[in-house]
Structure formats: C-alpha cells, structure tokens
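If you're matching them up, the sequences are chains A and B in order.
Note that UniProt numbering numbers the first sequence so that position 242 is 242, with each residue one more than the last.
Note that UniProt numbering numbers the second sequence so that position 133 is 133, with each residue one more than the last.
Mixed in with the good hints there might be a few duds.
Stated by the list, open to error - Think about it this way: if two alpha-carbon atoms lie no more than 27 Å apart in a straight line, the pair counts; the simulated DSSO-like pairs of lysine-lysine are:
#: 1; chain 1: A; residue 1: LYS25; chain 2: B; residue 2: LYS25
#: 2; chain 1: A; residue 1: LYS25; chain 2: A; residue 2: LYS50
#: 3; chain 1: B; residue 1: LYS119; chain 2: B; residue 2: LYS99
#: 4; chain 1: A; residue 1: LYS119; chain 2: A; residue 2: LYS50
#: 5; chain 1: A; residue 1: LYS50; chain 2: B; residue 2: LYS25
#: 6; chain 1: B; residue 1: LYS119; chain 2: B; residue 2: LYS50
#: 7; chain 1: A; residue 1: LYS25; chain 2: B; residue 2: LYS50
#: 8; chain 1: A; residue 1: LYS119; chain 2: A; residue 2: LYS99
#: 9; chain 1: B; residue 1: LYS25; chain 2: B; residue 2: LYS50
Said to hold, decoys possible - Pairwise CB distance ranges, derived in the manner of DEER restraints:
#: 10; chain 1: A; residue 1: MET135; chain 2: B; residue 2: GLU95; range: 30 to 40 Å
#: 11; chain 1: A; residue 1: ALA63; chain 2: B; residue 2: GLY212; range: 21 to 31 Å
#: 12; chain 1: B; residue 1: PRO98; chain 2: A; residue 2: ALA233; range: 39 to 49 Å
#: 13; chain 1: B; residue 1: ALA102; chain 2: A; residue 2: ALA241; range: 44 to 54 Å
#: 14; chain 1: B; residue 1: LYS99; chain 2: A; residue 2: ASP129; range: 52 to 62 Å
Read the hints as simulated data drawn from the structure, not as lab findings.
For every residue, glycine included, the Cβ atom is placed at its ideal position computed from N, Cα and C.
This is what each chain is made of:
Protein chains: 2
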Amino acid sequence: MTTRIWTAALAVIGDEILSGRTQDKNVAQIAAWLNVQGIRLAEVRIVPDKTDAIVEAVNILRARNDYLFTTGGIGPTHDDITVDAIAAALGVGVEYHPKALAVLERYYTDRGGLTDARKRMARVPEGSDLIENRMSGAPGIRLGNIFIMAGVPHITAGMLDALTGTLEGGLPVLSRTIGCWVPESEVADLLGAVERAHEGVAIGSYPFFRDGRVGANFVVRATDAALLDACIAELTERLEADGRIVIADGI
Amino acid sequence: MTTRIWTAALAVIGDEILSGRTQDKNVAQIAAWLNVQGIRLAEVRIVPDKTDAIVEAVNILRARNDYLFTTGGIGPTHDDITVDAIAAALGVGVEYHPKALAVLERYYTDRGGLTDARKRMARVPEGSDLIENRMSGAPGIRLGNIFIMAGVPHITAGMLDALTGTLEGGLPVLSRTIGCWVPESEVADLLGAVERAHEGVAIGSYPFFRDGRVGANFVVRATDAALLDACIAELTERLEADGRIVIADGI
C-alpha cells in the first residue's frame, strides 16, 4: 500500500531563540501535534527578526511542503515583523482584518483600550483568515498553506487546539519504544538488520547516561500498526537472544 | 567604529527532534557559548537523518557563515549518517582517523572492546581533525569551518568546552535586561523610539504570563558596553516617566 505522505515545515522566528536567551518549546509541541494530524514535520528553520531571512525561509518552505507553520513575531512591538515579512514574501499588501479588530476591541475593553500599538496585532497579509486564540487576545493567521502562530508556547498550544482536525493529513505515524541498559554500540548491527528486514519502518536509537549507567531507547516508527508490532516483536526477540534484558515501553 | 561580525550556523540533525520525541537543548547551549566567543548564531536548520537534507543544509550554511556547527548523527548505529553526508556535501571520501581509533580502543578496553560498530565512530571526512570529547569516547570532528558535534547535550557541552577560546571571533554581544509588570502593548511605541535613538542596539520585548499577571522583559543587546548602558538608562527613565515600575535585571 502506498500512502501519500503529508509534510509540514516550521519557521521559528525570533532573535531570542538564536541568542540562547529563550529555550524553544514550539518545535517539539508542533511536531507532536502534527503527528496526530497525520502530518510529518519535515524541516525546521530558526531565523532572526530580519525581513530577508524570513522571506527566504517562507518562500522555500511553503513551496516544498504541504503546510508551513511559523511561530513568533506577531506581537505589538517594533521587533514583531512576521506579518509584514510574510506579506512581502507573497507579494501582497497588509490590511487590518475587521474580525481581528473586533476581537482585540473586546479583549482590551477592560485592559486599557485598543491603542495603536495593539491595533498592529489586527494586521494581516491581504486575503488572510484568522486562527482562534483561546488564551489571549490577538489571533493567529492563516493564508493559503501558511499558518502564522504566536511565539509564547501556551498561546501556540491554544491555536493548535483550534486547528485540530481541520487540516488534511495522511495516516498518523505510530511509534513504539523499547529500551535496554546497554551501550547502543553493542547492538548497532542488530538494529540495522531488523530495520532492513521491515520495509516501511524506521528505527531510531537514543542513547543516554543515567544513574551512572549507559542505556538506550529504540524507537520504531511506522504508519502501519501491524508492521510496527511485528518489528517490535522481532527486535525484542533478537535482543533477548543476544542476552539483553528488554524493557517494554522504554526506559 | 565598524566591527566585523562573525557568524555561525547550526544544523541540528535528527529524526528524534522532528518527531517531537526529544526536546532539543543544543540550540540554546551553542548560542550562549558562541556569544561568549564573540560569534553570533545567525541561523539554525533542523533536518532529518537523510543524506539529501543534510547535504543541502551543510552546503548553504557553511558558505554563508564563518562557522558551521552540526549536532547529532555521529554515533555507532545505522541511523548515524552525519559523517557520510558531510563528506558527500564536500565531495571528499571517508577515512578512519588513526587518533580517533586509538581513543576508542583505549575507551572501550574495559567496556567490551572495539567492535566494528564502535569503529564507525572513528570514521571522518578525509582531512579532518578531531575535537576532544571530555565526557565519553567518540570525539567530535573539525574540517575547515565545519564542527561536527555529538547530539547528546552534555557530550556537546564537553566538546564546546574543548573548543573554548580557539575560534576567532569579534566583540561579544553584551546584553542587559529590565522588566515591568506591564502588557508590552502599552509600551510598544516607547520601546521602538528608544531603539531608534540608539544605533547599534537591538531591543527585544518578551512578554509572559505569570501568577495571573502579565509582564514583559526588555532585553537590550549591543557589542559596545557604554552604548548598552546608555540605552538601558534612557529606557528605564522613559518607562518610569510613563509611570511604570522598572525591575532591574528583569523579572
């Protein structure tokens, strides 16, 4: 069975990530959410708050993936340039979205009113729709296959929640994990052989050091549940035949 | 005064990051380390364990930055393809590095010996030097302006430590932070005006929600300490004139 694979890219926009000041949380959060939608996160770029860098990333990533998500740079301050940069990438203008203005007007009624700076958050590339923001005022933006999201992770989470089930995807990628207290180098050949014997699965090996001991988790990924189970069964059997103690669901 | 700006790019290699299974820690760690070396992290790409994707990222990033760092994919298992992919990107062969073999031989003497899988970790693109691994066996690799590092963050940290002070850089980017319990949208114009009044500084605004209140930290960055201090002083003064309570060193 051949199944179309749906892919997404993510552009993380923000000097604060590149300076090391802020630990990104959106890559992992969006990746996990996409898996459930049957969409694979194929590539990520982290770019500074600079128009040229954003334009370059947006234009290549949107062209070669089914979807492009961006995070960051949609607030009210001078360093929030994502909307203008994406409009420039698409060659369209920027307009105030009437519904976004209404949402912000309502949100700021008891919070000091809708100032000019706050109005900036209602600016969208021409022709955009909104993504509901369930956590605070300013909405996200959808234009074609581009989804423009907040940078603050819990606001992003609310926007993802609003999008759940609305994007066309393929079969979700399923995964199962087993672990051994073993240096991965001792079972490297075995892992490669089991992967080659099961077309359509990928086995990742993730070593760690914990409590003074080395171990590794082996993550098997596939879209077909029966194939996944068969691969896990063979991998477990071969590890045990090799004298290893296999810990179900990983360490 | 015009100062040459030194830039680095980072390619994070690994399906485990793109699947959301593993939270990347290397972007923030390498960014912070580079700042101290006087090198700016200009861009990051996260790519899967696929040769084509690695080759594309490596060739563009090494060409347009002073340095390229990579993390991940240098272990002993079948999914560790970074060395081969980078050799392919550069159009060179792969060879065993004699010193790496000696290091691994010694490291594995009491750990079951140097198997073929483990020997894989001594493979380098032709002409490479090694980066000392202070945490475990397999070394990192340096070839020209490319630094090939481990994916496991504490091993990467040890490799960075070994490189400290060895890379040519410019003036370190200095930063100072102040904070206010204020929605950033209320001071957006003020921030923009202060930034425009101080050429050579960048002001980032980072809002947050904590204990049921909204606040923001304002991070001022510059390579010139006097300019940085002057900007912080004016920003503080104008925020206080605007009736805000400014918290030194941020919230």
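Structure versus earlier hints - violations, ascending order
10, 11, 13
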